[in-house]
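Q: Model the placement of chain V on the given structure of chain L, informed by the hints.
Residues per chain are reported as follows:
Protein chains: 2
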Amino acid sequence: MALTQARTMPGVMELLPLDQIAFQRMLDTIRGNFERFGFLPIETPVMEFSDVLLTKQGGETERQVYFVQSTGALEKSVAGVPELALRFDLTVPLARYVAEHEHDLNFPFRRYQIQRVYRGERAQRGRFREFYQCDIDVIGKDALSIRYDAEIPAVIYSVFRDLNIGPFTIQLNNRKLMRGFFESQGIGDAERQAHALREVDKLDKRGADYVRDTLMGEGFGLTVDAAKRILDFVQVRSHGHADALDKLDALGGGNATLAEGVAELTQTLELIRAFGVPESHYAINLSIARGLDYYTGTVYETTLNEHPQIGSICSGGRYENLASNYTKSHLPGVGISIGATRLFYQLREAGLLGTAASTVKVLVTQMDEAHLPRYLELANELRSAGIATEVVLEGGKLGKQFKYADRAGIRFVLVLGSDEIAKGTVTVKDLRKQDQFEVPRTELVKTLRVELEQVEAMPA
Amino acid sequence: MALTQARTMPGVMELLPLDQIAFQRMLDTIRGNFERFGFLPIETPVMEFSDVLLTKQGGETERQVYFVQSTGALEKSVAGVPELALRFDLTVPLARYVAEHEHDLNFPFRRYQIQRVYRGERAQRGRFREFYQCDIDVIGKDALSIRYDAEIPAVIYSVFRDLNIGPFTIQLNNRKLMRGFFESQGIGDAERQAHALREVDKLDKRGADYVRDTLMGEGFGLTVDAAKRILDFVQVRSHGHADALDKLDALGGGNATLAEGVAELTQTLELIRAFGVPESHYAINLSIARGLDYYTGTVYETTLNEHPQIGSICSGGRYENLASNYTKSHLPGVGISIGATRLFYQLREAGLLGTAASTVKVLVTQMDEAHLPRYLELANELRSAGIATEVVLEGGKLGKQFKYADRAGIRFVLVLGSDEIAKGTVTVKDLRKQDQFEVPRTELVKTLRVELEQVEAMPA
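For the protein sequence lines, the chains are L and V, in the order given. My numbering puts the first sequence at residues 94 to 553. My numbering puts the second sequence at residues 94 to 553.
Everything labelled a hint here was simulated from the structure, so no lab data went into it. It should be emphasised that the depicted structure is a prediction, and the values quoted were computed from it without experimental measurement. Don't take each hint at face value.
Which copy is meant is left open, so a pair is good if it fits within one copy or across any two.
Here are the computed lysine-lysine pairs in the BS3-like style, where the Cα-Cα straight-line distance is at most 27 Å [what the hints assert, rightly or not]: (1) Lys490 - Lys234; (2) Lys496 - Lys234; (3) Lys496 - Lys421; (4) Lys295 - Lys321; (5) Lys493 - Lys421; (6) Lys490 - Lys516; (7) Lys493 - Lys234; (8) Lys340 - Lys295; (9) Lys526 - Lys490; (10) Lys522 - Lys496; (11) Lys493 - Lys522; (12) Lys522 - Lys539.
With the rest of the complex left out, here is chain L (with noise of 0.2 Å):
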């Protein structure tokens, strides 16, 4: 029979086991600290009806959603588009999910999600098509304190310290903030304004000059100064607590918008600090707009502090409405993602990721074919106790079952021949500490934990 070639689609990250073990280390940090900021768990379904899923989006995103049909023609095309597709991300369908669920939902609604997310780009390197997002949003019903914006950036910092990635900083604005600045010089309408906000955006990627320019171009024809003025707006950066306060103080209140935003970011900050977030790790930069438009308040950016050119790492901000499509009542959240498949490539690409150990912890060899019941035994007693055990069930020569747990990363080999068994002892190899020694088979247990203990830390 002719083989098919084994192979996956480009623009999705398959691992190695080591690796996948390292990964979902870094899923249930992730998770554990959304679980202890108090946020609840849910999952949405891959699919959802192409109708729900494009109810706003317009042609670009679109032309990236994969549609779903089956053989089975179960489904229909409603005017030529299939009848379900994949999500792009997990906003809209937590805005479907509020919408739909709203009177069996406590307000204000706190949860997480950790699922992939699928977009049909182009694939080149970096970029993918399927990726986990791992989001937490507040939802308000009617309102939600603006105290919910200076919680995010605390669940962030946990995140972000436990993952043990390196020194990283957040880095806030204030939509109002912006607007409002902008309206002080002269880009009063809104669309005028979006449109500044995308340019004012590129300012990373293209450099002050061209930003300059393009204000100063038919676009908008803003003056000499008036461009210089937001330039220097944009550029606003702060090293500490009390340098932020300082420089947003400074901006005053050029008008009411922009006194709000100067307002709301500064309560922020300051409970920020209460929340207990070190000032080494929060920022403004008030060069943050944030692609999507929904954004109407705070908005985050989390960057590594020795590797600018992986960018953001978990962004989001505040919004005014999240499930206008759907329903008629009146839903603000706060949110962020972590872009979890992208951040484990790029630190992978970066070299922050050390070898992980395996889940398995121990090797129970087969020195002695006839002593499998004790082998068994005693991989019994070791998963009772929660450490994690393989017994090696196909015999063979010890050398060879070495090996195996050498190349697997299994760390510690037991060894029981008739010696041991008669002098009630066990042979442990450390296999990463290079070292051999025997216990007492009474002491093993404890002795195996206070080990693990002692070594296992996060994958960094």
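A: For chain V alone, kept in the frame of chain L given last:
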């Protein structure tokens, strides 16, 4: 603007947060046990190339497959079949994975995989188009000891003991035993055997009379005696370890295949006992054939003793060659699959799932807005101790805050007013025990930890 109705497609299970927590606990219990037995995680993309996914399958499966296409037409159709499709199980992706990464894997390769699969089934109650499968497999290179066939039931036992959903029985059979016996009764041809096995598989649903009539009918033409012997054979069940061995022994060695089957199943049973599985939890059931054609040795089903109507909650077996469509390597294996979505649904229908406690353990109320920084500090302390804590950030009446905690399934509510601050205490309301007490601030974490450890158990 006209609203779009927020709704999900039929045939998917979307849960409210407390149910999602119960479901997540079920998956965590399964995963924890898989890891304790030394299985390694992998994840594969939800989409595979259609030619890879549908290598072997005929029309039946193809009709149930969801095909995927982006409107950007990045993916081509090959002879009218879209290039991509959603996986319909985890076995084909495993075969593809092992063939693709063969040289980077250690054999025996022990993998677990917990992901969703997709089938374009006609929607009906209890049938899902999207559902979780939790699979383990051990894959050998060239050969795989029969001993691994005994380890699988040890994992099954451990999983369902920990899920705590009532007494269950792991039922075993061996396809060789069945094949040999059928041969000895005059059904020697492989195709007729497969046909007969499919008929025998209907024993529970259609009854003995139907199966006997079929075996004596046109397709088979067996004598009354032969049909009776086959029916007697497939109705063999054991009660206890010794009984199972006796009944296997009584089958004798009518031919080589039968003798091999008896020997394999006997050895498997002996090792299952050595693995520490209580004899009350396994039995032979010679009617088990399993639908899939590729099982060649041991086959498993697991049923809940008190809920036979649920059917098998965990099934699998031994197969001769995992990935013959993709590689010339000979890769025998043994594995099982738990359909977690269906299981959860069935357990809930049968009333076997209690109300889950929230992942959020503590709500810090906002008695006095002025003390907000203290509330945040308190929450920080609890979170650092690993206690999932939510803080009320938006004030309001205390009674309303209690009600929120109650509805959300949060057990402990903390009150910290000026009185408590003066005394250095915290008032704790235990909503589960309907109890209220005051503890010194310094004792709070310890007290809550003790309380939480006492009662946090499995969902059931």
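Q: For a quick check of understanding: which of the numbered hints are violated here, in increasing order?
A: Result: no hint breaks.
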